[in-house]
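Go ahead and model the full structure; you've got the sequences and the hints to work with.
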Amino acid sequence: MTIDDQKALLDRPVGVDDEESMTNSKHIRVGKLALASLLLACFLANADESFILTTGSDVAAALEAPDYTSWLITSYNLGYTTALPLHGQACDLAGPKKAILIALVLYGFGCILTGISGSIHLALAGRVISGIGGSGMVELVSVLVNEMGSFHQVAVLRSYVTTSSIIGITCGAPLGALLTTSLGWQWAFLIHAPFAILCIAVISLSLKIKKPQSNVSTGQTYGSIDTTKDAGATLKTKSFDIAGLALLMTAIVCLLGLIQVVPAQDMENKSTALFTLGIAFLALFGAFFINEVYVATNPLIHMYLLKPHKLGLIYAAQVLIGVTNSAVRPLESYQRHSLNGILTLACS
1151 MTIDDQKALL
1161 DRPVGVDDEE
1171 SMTNSKHIRV
1181 GKLALASLLL
1191 ACFLANADES
1201 FILTTGSDVA
1211 AALEAPDYTS
1221 WLITSYNLGY
1231 TTALPLHGQA
1241 CDLAGPKKAI
1251 LIALVLYGFG
1261 CILTGISGSI
1271 HLALAGRVIS
1281 GIGGSGMVEL
1291 VSVLVNEMGS
1301 FHQVAVLRSY
1311 VTTSSIIGIT
1321 CGAPLGALLT
1331 TSLGWQWAFL
1341 IHAPFAILCI
1351 AVISLSLKIK
1361 KPQSNVSTGQ
1371 TYGSIDTTKD
1381 AGATLKTKSF
1391 DIAGLALLMT
1401 AIVCLLGLIQ
1411 VVPAQDMENK
1421 STALFTLGIA
1431 FLALFGAFFI
1441 NEVYVATNPL
1451 IHMYLLKPHK
1461 LGLIYAAQVL
1471 IGVTNSAVRP
1481 LESYQRHSLN
1491 GILTLACS
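Residue numbers (my numbering): 1151 to 1498.
Just so you know, nobody snuck in bad clues.
When the alpha-carbon atoms are kept at most 25 Å apart in a straight line, the in silico BS3-like pairs for lysine-lysine are as follows:
no.: 1; residue 1: K1182; residue 2: K1358
no.: 2; residue 1: K1247; residue 2: K1182
no.: 3; residue 1: K1248; residue 2: K1358
no.: 4; residue 1: K1182; residue 2: K1248
no.: 5; residue 1: K1358; residue 2: K1247
These are computed hints drawn from the structure, not numbers from a lab.
In structure tokens, the structure reads:
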């Protein structure tokens, strides 16, 4: 190649492909720190789900409410499940970045509230708030991953998220036992807050969301499921399904109360409590179904997705997996001392 040819190549204008490559390269460099904070948030939320397995008995005993150990486990899942649809709508209205920042704030506040609680009811409230934030931390990471990289990088980024989730679920219980034994149960929860604050700071400063492409329909917003029914609606006119959220949460609370009352041995008016909670659960769940199908303009759950030829079978499989995972939790009280012994030997 002659000197003139080299000069011509060096002086040629930057093409579209080169400009896109430079933009993507810069975007990836900026996104590494944000990606690490997102993976940390996903790890915290998944670890917290099994974290309480080895700390719940200590919390309940310290607050003089040993019968509420199962509620400490369930309260996180209660907030987690009921808030999942809510985060989707928050993502539509405010965007995924603001939505996950709100989720991190709720998660950190819930952990602090649990750590400083002096009563079991305050601890349960903290666990519910942590679950509300934790569900957003897990759900919205997938949305943000799609915004961080190019189409060809999404699969790799999702593999990082999956790995972080698995590590969190696996390490949650041992970390809970280790922190409770070494620091006490209060600091075992309070120590989560600095990590949540770190994630908030990093995501706020380093995460840059790409603008939607012009060829994407305006009706297809973040987290949207079906825009054919309300194609004329905009993000400004959409509203939260407050009635559906209230009905769903109260129905789940009644179901949990029913499950709590069934094994009670020396409870007064047990039959009356069972009948009342059972009727209340059926009535509230029926009202929730009617609200989602016939009343709500922007429902929490799109019921048509539950059909077998759509996602119904997948949802049913997830329910069975959740029941199977929860079935081993009663063994926690028998295995906890062995786990603490293993951790003590490992640290010595």
